[in-house]
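Heads up: the protein sequence lines correspond to chains A and B, in order. Just so it is clear: in the first sequence, position 320 is 320 by the numbering used here, and no numbers are missing. Here the numbering used here runs 344 ahead of the position in the second sequence, where the first position is 1.
Just to be clear, a hint being listed does not mean it is correct.
Quick list of in silico lysine-lysine cross-link-like pairs, DSSO-like style, CA-CA up to 27 Å [unchecked claim]:
(1) B/493 to B/582
(2) A/235 to B/646
(3) B/646 to B/483
(4) B/420 to B/493
(5) A/211 to A/235
(6) B/478 to A/303
To be clear, the hints were calculated from the coordinates, so they are not data collected in a lab. Predicted model only: the values in this text are computed from it and were never measured.
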Amino acid sequence: MALMKASSLNLRDKFGDWWDGANPAQRTIFRIVLIGIFYALPMLNNPIIDTPETSFSSVLFYPLVMFSLMAVGLNVVVGKSGILDLGYVAFFAIGAYTHAVMSIHTPLNFWEILPFAMGFAMLAGLILGLPALRLRGDYLAIITLGFGEIVRIVAVNTEAIGGSAGLTDIPGPDSIFGVEFTVMDPRPYYWLTLTLLLVVIWGVMRLSQRKPGRAWEAIREDEDVAEFMGVATLKYKLWAFIIGGAVGGLAGAIYASQIRSIQPELFTLNLSIMILACVVFGGMGNIWGVILGAVILGYAPEKLRFLSDYRIIFFGLLMVVMMNIRPNGLLPRKKREHFQEKNK
Amino acid sequence: MDFSILISNFWSLGLDGLVVGAIYALISLGYTLVYGVLRLINFAHSEIFMIGTMAVYLVVLQFGFTGYEDPLPLIKFIGIFLLFATVAGIVSGGSAVLLEIVAYRRLRNMGASRLSSLISAIGASFFLVEVFRKISDSKNLDFPRLINKDPFFTAGTLYLSADKVLVLVGATIIFLILNRIINHTKLGMGIRAVSQDERTAILMGVNVNRIISYTFLLGGVLAGVGSAFYMVFYETTKANVGFLVGISAFTAAVLGGIGNVRGALVGSFALGLIQQYTSAVLGYNWRDVVTFVILVLVLLIKPTGLFGEALQKARV
Numbered sequence: 001m002a003l004m005k006a007s008s009l010n011l012r013d014k015f016g017d018w019w020d021g022a023n024p025a026q027r028t029i030f031r032i033v034l035i036g037i038f039y040a041l042p043m044l045n046n047p048i049i050d051t052p053e054t055s056f057s058s059v060l061f062y063p064l065v066m067f068s069l070m071a072v073g074l075n076v077v078v079g080k081s082g083i084l085d086l087g088y089v090a091f092f093a094i095g096a097y098t099h100a101v102m103s104i105h106t107p108l109n110f111w112e113i114l115p116f117a118m119g120f121a122m123l124a125g126l127i128l129g130l131p132a133l134r135l136r137g138d139y140l141a142i143i144t145l146g147f148g149e150i151v152r153i154v155a156v157n158t159e160a161i162g163g164s165a166g167l168t169d170i171p172g173p174d175s176i177f178g179v180e181f182t183v184m185d186p187r188p189y190y191w192l193t194l195t196l197l198l199v200v201i202w203g204v205m206r207l208s209q210r211k212p213g214r215a216w217e218a219i220r221e222d223e224d225v226a227e228f229m230g231v232a233t234l235k236y237k238l239w240a241f242i243i244g245g246a247v248g249g250l251a252g253a254i255y256a257s258q259i260r261s262i263q264p265e266l267f268t269l270n271l272s273i274m275i276l277a278c279v280v281f282g283g284m285g286n287i288w289g290v291i292l293g294a295v296i297l298g299y300a301p302e303k304l305r306f307l308s309d310y311r312i313i314f315f316g317l318l319m320v321v322m323m324n325i326r327p328n329g330l331l332p333r334k335k336r337e338h339f340q341e342k343n344k
Numbered sequence: 345m346d347f348s349i350l351i352s353n354f355w356s357l358g359l360d361g362l363v364v365g366a367i368y369a370l371i372s373l374g375y376t377l378v379y380g381v382l383r384l385i386n387f388a389h390s391e392i393f394m395i396g397t398m399a400v401y402l403v404v405l406q407f408g409f410t411g412y413e414d415p416l417p418l419i420k421f422i423g424i425f426l427l428f429a430t431v432a433g434i435v436s437g438g439s440a441v442l443l444e445i446v447a448y449r450r451l452r453n454m455g456a457s458r459l460s461s462l463i464s465a466i467g468a469s470f471f472l473v474e475v476f477r478k479i480s481d482s483k484n485l486d487f488p489r490l491i492n493k494d495p496f497f498t499a500g501t502l503y504l505s506a507d508k509v510l511v512l513v514g515a516t517i518i519f520l521i522l523n524r525i526i527n528h529t530k531l532g533m534g535i536r537a538v539s540q541d542e543r544t545a546i547l548m549g550v551n552v553n554r555i556i557s558y559t560f561l562l563g564g565v566l567a568g569v570g571s572a573f574y575m576v577f578y579e580t581t582k583a584n585v586g587f588l589v590g591i592s593a594f595t596a597a598v599l600g601g602i603g604n605v606r607g608a609l610v611g612s613f614a615l616g617l618i619q620q621y622t623s624a625v626l627g628y629n630w631r632d633v634v635t636f637v638i639l640v641l642v643l644l645i646k647p648t649g650l651f652g653e654a655l656q657k658a659r660v
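All chains, please: the whole structure from these sequences, using the hints.
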């Protein structure tokens, strides 16, 4: 175990050193090549990475890039600010239902609805967060756990949004830049989600390097001290919660537009737990870690079909094991320099 | 809103509320006791309860009941029920101790953060639910009717039936025993000492790890006995039965003031009554939404509950 820890840390540091030493042109080239590879992934037809039963490009869309997007959103809440949100699926559901209801009942198209989907998810985050974020972490965890389930129960019991049968015939996005979104082809959805994921990553990284990021880190390390030192803890926790919610809503809207029919049963707690497992497994607080976690945990059950029936068992076990032997995940977050003298 | 059902069934709903409350109380005591010693909500406690219902189901299968027999005579039923409660208590208690060792102990000894323990417990909880979902093939496991549930006593809208009396009497006996254990035994003194001040307890020679194990055992046994009552009253279980029962029991513990044994009892009965009466008005489907709203409101308005939290506002 110690060996594993040491070797992966070295790899990470080596890359970090190279990155720190690289000039802007090298960095830009690296970024472009990497992003280019990701955009080209659905074009690959490689039996080694292909998945049985479902086409690789649909696996790329769901779960890989979808899990990554949600994990990046949840990471702002759990990883960066240390708020345990066990009901993340609620925001995903709100986004999905917003798209479904508005695209059926209003003349607006997908692109016009997206801000609403994110807005309603943010509003839900505000309504839940304002009372709940004043509470201690474990109360908050159980409240969010309840919230995730309550959103589903409300959806089941509300006939206006389809009750337990859900909504069908949801329109997909209109074509954009000549890319058509059809039921048959998941690739445009993959590209769309990947693009939005990159935007979200960029936004989250900018925030992390600035005042909110420092505030989140202070709250995560010690909330009482942070508050004492003048950090407006409630405000920044609320922002983390709302930003996480917005990303969840975004993911939900894209998901609903792709699968074209949604039922409350798609939005069970298991999804919250899977995303949380991605964050925990990859490395709480490190954006690349959580994406790695999402990719591994999304891909493994698709590739190894015997795993897929047991995926929640496996994910649950993984969370216990990770917490016990490697609580910081596969790729732990890099401590900021001003934290480095404080060991641990 | 339709209040006619509420008015015409006022007393029988009240009785049901007390019965449900007694079952919640047995489970919420586990949350409260563990909270007392660890200052942590044991997220997997609902699964300890679920394992108890599964154990009861397995025991009843051994008897080969089909559910169409004549009801058992009362004495024989009580004998069988004691067997259920014993087996479920042992299985749930054992699982709770095991859970503590696997999911909590190492983290506690490492001095890991609260977040790590919560994640570990939630992982354990989902692991257990899914294992039982696989074993039970996602089915509802129906329990045979063993006892005559027709009312033997009627007064106005109050109908007393044997199962409800059994739950109320049985739970009262358990509470008296628990009270005795907490207040008059060495183990109880240890639990109270660790709850009040863990460090001083260590200095006074209390083996904290052992006390914590015993606390999990006690909470698990109570949840196991609660699951035996639950099976007789509701006559069905499934792999995720623990979730909603757990949220209700937890709400009850918070309502009474978590970490406070008396609070858990009062909170459970209060919540049972509230659930029955609001379901009669709003419909059964909204019961869990009501529970959740109560939880949020209590935490918002008076987070220490009716009787006060053991250690207020400590935000470690």
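Quiz item: Among all the numbered hints in the text so far, which are the ones the structure does not match?
Solution: 3
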